[in-house]
Structure formats: structure tokens, C-alpha cells
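According to my numbering, the sequence shown is numbered sequentially starting from 679.
Treat the hints as calculated values from the structure; they're not laboratory data. Incorrect hints may have been included.
Claimed, not checked - Listed below are the simulated PhoX-like cross-link pairs for lysine-lysine, each with C-alpha atoms no more than 20 Å apart in a straight line:
| no. | residue 1 | residue 2 |
| --- | --- | --- |
| 1 | Lys-910 | Lys-754 |
| 2 | Lys-823 | Lys-837 |
| 3 | Lys-849 | Lys-837 |
| 4 | Lys-754 | Lys-742 |
| 5 | Lys-837 | Lys-847 |
| 6 | Lys-823 | Lys-708 |
| 7 | Lys-754 | Lys-802 |
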Amino acid sequence: MGGGGGAAVETLSFNAKNGNVVSKTKYPLKFWEVMAACGVVLGFLMGLLGVYLTMPASDYSFLKLPRTLEDLQILKDHLESYTSDYTAQVLIGYCVVYIFMQTFMIPGTVFMSLLAGALFGVFKGVALVVFTATAGASSCYFLSKLIGRPLVFSLWPDKLTFFQAEVAKRKNRLLNYMLFLRVTPTLPNTFINVASPIVDVPYHIFFLATAIGITPAAYVTVRAGIALGELKSLGDLYDFQSIATLFLIGAIAVIPTLIGGKSKW
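The task is simple: from the sequences and hints, build the whole structure.
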């Protein structure tokens, strides 16, 4: 087995000749892979602790990951006074938390995007969300490449089979297809982050599709954060017009994959 104990993990590969998905067997995770993943977790925890210890003395009982719009409003009201005086600490703390949530698939990043708009405005907020979301997605990509295969096969076997087949069919226009997935809610972003290295999506395509593709949705969410007090529910973020616009952008992105042709990507 070479490197560690444990049961073998079944994987799938796409057969381009007959269009079938065939099974293979991957060796279990090696000891160094598990230790490297633990090191990533420890690094994030140390970063969060460092941010907390460098913050000015105060009552931080309000600090928690927001789960509702009410939680977010409370967090925003408290952080507004700190943002102007301790901008660097707030920015670093925001980035570490957002990237941590993206890396480990913790729900609630939409609240963080709303918070960026409420604290920093549209332009800075969008830049911040695109940066942190791309960094977090990249971190999740490499962590999944290291140890994510068993998790993906246990949680999303059907989605993975579909995704692998679609990626194999679109090798010549993969960037356009990945842009389409990022812009539209065809597949969950969390799944795309974890599954992309498993189905052999190259990182440079993953990175470009993420950075470009999430920008429209980031703009919609960040802009809504400016009028946070007017939101009644998360459903107010994406009305019919917003969703239709995102699908239109996604359709434009995927057109080259439909008309065929060669591409350097």
C-alpha cells in the first residue's frame, strides 16, 4: 500500500472512448497527508487567535459567525466603530474568517459578503469579497487535492460522476464551462471547490473562473449589504431580475463550449 493503513477508496474516471464512467481504486490517505491537513487547520486556528489577541481591549461577546440577518446587524453595529480606528485589524480578521469558512465549507459566507458592503461600501467590499472568496476557494481546492477524495465520494457521488463527465467533454473550452458554473447556481460553489481537483480541473482555470465568475454575485450581495437594515430575508438578495441577469452572463460564458473549436485553455 505504501505509506499508511486504512481501507482503499473507490474512485471514478471518465472513459472518453465510450462515454462511460469506470471505477478505479486509490490508495488510502498517507500519514503525511493527514498531518499536512492537521497543520492547515492549526495554522488557521493560530491566525484567528492572533487576530483576536491583537484587537483593542473591549467586550467582544458580540463576536460570532452570523447565522441570521439579526446576528449580522448586531455585528455590523459593533464593528462600525472599530473599522475607522482599527482598519487593519478588521480587514485582517475579516479575511482570515472568510478564508477559514471557505476552506472548511462552513455555511454563512453570504453574511460575510453582506458585512463587507455594510462596512466598506460597494467598490472596496466587492474587491474584498472577490479576494477572500478566491483565496478561500483556492485553499479548499488544495486541501481537497490532498485529502478530499474520500469526502467527495461519500457526500456527492452522483454530482461527482456528472461533473467529471462534463469536464472530460469540455477539455478544449474548460474555462468557459467553469465560468458558467461559477456565475450560475447550476452546481453549489462548495461542491465545485472540493470536486475540481478530484476531476482534474487545472488550478489556473479554477482560479480564473473563480475570480471572474463570482464577481457578479459578489456585487449583488455587497450592494445589498449597504442597505442591510432594509433586508427582510436572504431571499430578498436575489429577485427574478438578478437571477435572470446571472443566468444571462453564464449563458454568454458557455456559448463557446457549445459552438466548439479549439482553445489554448
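Verification of the supplied hints:
Note on Lys-910 and Lys-754: the hinted pairing holds, with a Cα-Cα distance of about 16 Å set against a maximum of 20 Å. Only pairs whose Cα atoms come within 20 Å are accepted, and Lys-823 paired with Lys-837 is accepted, the gap being roughly 17 Å. Straight-line distance between C-alpha atoms of Lys-849 and Lys-837 comes to about 18 Å, which keeps the hinted pair within the 20 Å bound. At roughly 11 Å between alpha-carbon atoms, Lys-754 and Lys-742 fall within 20 Å of each other, so this suggested pair holds.
Between Lys-837 and Lys-847 the CA atoms are separated by roughly 15 Å; this keeps the pair inside 20 Å, and the hint holds. Distance restraint check for Lys-823 and Lys-708: the Cα-Cα separation of roughly 13 Å lies within the 20 Å cut-off, and the hinted pair is therefore satisfied. Taking the CA atoms of Lys-754 and Lys-802, the gap is near 16 Å; set against the 20 Å cutoff, the hint holds.
The earlier numbered hints are all upheld by this structure, with none contradicted.
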